[in-house]
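Visitor: Each protein sequence line maps, in turn, to chains A and B.
The first sequence: position 399 = 399 (the UniProt record's numbering), numbered continuously.
The second sequence: position 252 = 252 (the UniProt record's numbering), numbered continuously.
What the hints contain is simulated information worked out from the structure, not anything from laboratory work.
Take these hints with a grain of salt, some might be off.
No copy is singled out in the list; a pair is fine if it fits within one copy or between any two copies.
EDC-like, lysine to aspartate or glutamate: derived pairs with alpha carbons at most 16 Å apart [to be verified]:
id: 1; residue 1: K277; residue 2: E130
id: 2; residue 1: K344; residue 2: D328
id: 3; residue 1: K259; residue 2: E77
id: 4; residue 1: K131; residue 2: E274
id: 5; residue 1: K276; residue 2: E130
id: 6; residue 1: K131; residue 2: E207
id: 7; residue 1: K276; residue 2: E207
id: 8; residue 1: K240; residue 2: E262
id: 9; residue 1: K148; residue 2: D250
id: 10; residue 1: K344; residue 2: E196
There are 2 protein chains.
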Amino acid sequence: VINAGKSQHNEDQACCEVVFVERRPSPRGRPPSREGSEELTGGRRGFYFHYWALFDGHAGSGAAVMASKHLHLHICEQLRDLVDILQDPSPPPLCLPPDAGASPTEPSRVSLAEDNGEVPNDAVPRFHLEKAVSHESLVIGAIENAFKHMDEQIERERTSRRLSGGCCALAAVYLLGKFYVANAGDSRAIIIRNGEIIPMSREFTPETERQRLAVFAFLRPELLGKEFTHLEFPRRVQPKELGRKMLYRDQNMNGWAYKKIEEADLKFPLIYGEGKKARVMATIGVTRGLGDHDLKVFSSNIHIKPFLSCFPEVRVYDLTQYEHCPDDVLVLGTDGLWDVTNDKEVASVVMEVLTSYEPNDPCRYTVVAQELVVRSRGMLKERGWRLANDKLGSSDDISVFVIPL
Amino acid sequence: VINAGKSQHNEDQACCEVVFVERRPSPRGRPPSREGSEELTGGRRGFYFHYWALFDGHAGSGAAVMASKHLHLHICEQLRDLVDILQDPSPPPLCLPPDAGASPTEPSRVSLAEDNGEVPNDAVPRFHLEKAVSHESLVIGAIENAFKHMDEQIERERTSRRLSGGCCALAAVYLLGKFYVANAGDSRAIIIRNGEIIPMSREFTPETERQRLAVFAFLRPELLGKEFTHLEFPRRVQPKELGRKMLYRDQNMNGWAYKKIEEADLKFPLIYGEGKKARVMATIGVTRGLGDHDLKVFSSNIHIKPFLSCFPEVRVYDLTQYEHCPDDVLVLGTDGLWDVTNDKEVASVVMEVLTSYEPNDPCRYTVVAQELVVRSRGMLKERGWRLANDKLGSSDDISVFVIPL
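Work out the full structure, taking the sequences as your base and the hints as a guide.
Guide: In structure tokens, the structure reads:
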């Protein structure tokens, strides 16, 4: 829903796709040698991934709309070089053979190794110190770099496409038996399995990323533009308090201590406010996401983007490790959901609605999502939008995916 | 024990003290007004804390010896300004009154506030955004800053005192009903309560701090001295691999991806090696601790200290929240213990030994510590020091405290 019906446009955007990742043709043009998945893919070599994503825009919907149309394509692009490697049960090669793209399972590789003593057989550790890298961590790396490329595309095209603002991004990729949940921002994902709640993401806000931001500001003080301090104080310092002792913490501290207030401490704190009101440089309430390339501190020339990260944290859930029943789901929601409805309440709505439908009724998951959205918005009463318990409903955009496991 | 008896000197050092924190006299010389703890302290106002600490030295025992003699005094010094505040159940004042040191419970403060409308009563939030700071987080801040001052003292006196090397530091402070466990390095602390294992620390090593170090190196590339790269590769890159694609990850990534090897990638990786063999700049295997101010990369002028942190992570255990029996203990150990004896084995030795002594026998905890040390060293056999299971014993210095809760 659109911020409880208060405005015409929705800054939340969503995408749900099945994407085919086609193996990139070998640069030497050799024909594919291994049989297998071709039957399903009409002769093209590759695999499918399933994809769901939510983009919670701010300061306009431009970045969110663009990310919803392109992020899955960037993920696909990053995975194209990995098609053979991910389907090969042996450990990923640490170094690829020369000019061979990323196709270690081709017979050409073996013959190359026979021809040329310098080409290592990466399956056998030859170095004293050699790190094993898992298939899983290649998919994580691919998703991380896809977010980066998405952010760079927004940067390149923002002027010509008149893209405004930025967005948080939460994406779930189901690939080769595993769910990869990538989060950059304050949306959230949880799995509900047999009534148990399993968090699948962490929020990135000025409060949760305080130390990363303070260390960055400490090392790059010129980016604070003489108007902000990297130190944190529990409230604004007032000029008349100069010389008095006030609580503070610096980029290294988790605890608090007293310091004598100096002139420099009168600057505005890099991070200020608590909870939903916490802001970076008095401007933005999330610290990761896509876009925001032109965002500046109000009436100043101080850029915010250097403090933001476009990199997601990726958590992995191995579907093959557990038995699942039709009521086990992955729930993705923007902060419009989670601000008013907590994990337990979401889990109880899920169970309540699903038990009232037949297990094979395909619309049962959609009804859960609708119910979660409607309950979080509340009802329009005389004193505004109210929840069932008469508390204020969410006045934010609210988006929910309920995905059966 | 001293590295299984192989050398004469011990780089592990320890300290165990009861420390009295005397309230710092008010700068205006007012007499203390509140009654209470004076009876126990011979008229001096203050409180006691109990203190245990382990210092695992490297490249000499100088820093470890000095830290073992002084760290508790730095903690005491940091707490002196907090004596009244910590004993006052009301929330700590965010800003102290002018010239009054840190003594908010004096009646003078109240009269000052009455005299002068500008002095806020910090118990009542007057600002739109005002953060509540707990007593606990003041103690955490005091311990954090004590570690910093200890490190600065080592830096100041290292030449005159001929202090060599550095040390990991693990300190447990029992104060006003709570245990504060502060760790900087790869020592570890666990609580064993009713057979349950509760981790009370986290290790700081090149692997656990990879991202902090890589971000720092990325932002301060000049500190890498043209010899190191902030990128991570799963093994050394060889010159003949130029132009080929190899797995890497950068300061933002948790996953891995392939990149084309360039000239700059032939530099030595900032972090290299796995597990106990992981090193920062091929030099040091821990990333937090005290000392190491003169440490350089072998046969170079590249300093390591900027990459190290002297700040501990402080975890809190509230003793008043749980019932404890005589077999519930806090175990502190240097890595000489934990490298060969895991948490479960430690817990079973604790239970085994304690049940063989009367609950009121005061030596029972000492015997547990001795048993843990001896088992981790092993027995001298023909093929070196061996554990009971014939695996290699720890050839490191081994130190253990077993503290009844």
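Visitor: All hints, please: hold or fail.
Guide: Tested hints:
1. K277 / E130: Cα proximity of K277 and E130: across copies only (11 Å, versus 46 Å in one copy).
2. K344 / D328: within (14 Å within a copy, 34 Å between copies)
3. K259 / E77: Between copies only: 14 Å across chains, 52 Å inside a chain, cut-off 16 Å.
4. K131 / E274: So K131 and E274 pass the 16 Å test across copies only (7 Å; inside, 42 Å).
5. K276 / E130: Only across copies: K276 and E130 sit 14 Å apart there, 45 Å inside one copy, limit 16 Å.
6. K131 / E207: between (34 Å within a copy, 12 Å between copies)
7. K276 / E207: So K276 and E207 pass the 16 Å test inside one copy only (9 Å; across, 33 Å).
8. K240 / E262: For K240 and E262, the Cα distance is within 16 Å only inside one copy (11 Å; across copies 56 Å).
9. K148 / D250: between (30 Å within a copy, 12 Å between copies)
10. K344 / E196: Classified as within: same-chain Cα gap 9 Å, cross-chain 27 Å, threshold 16 Å.
Violation of the numbered hints given earlier is absent; every hint is satisfied by the structure.
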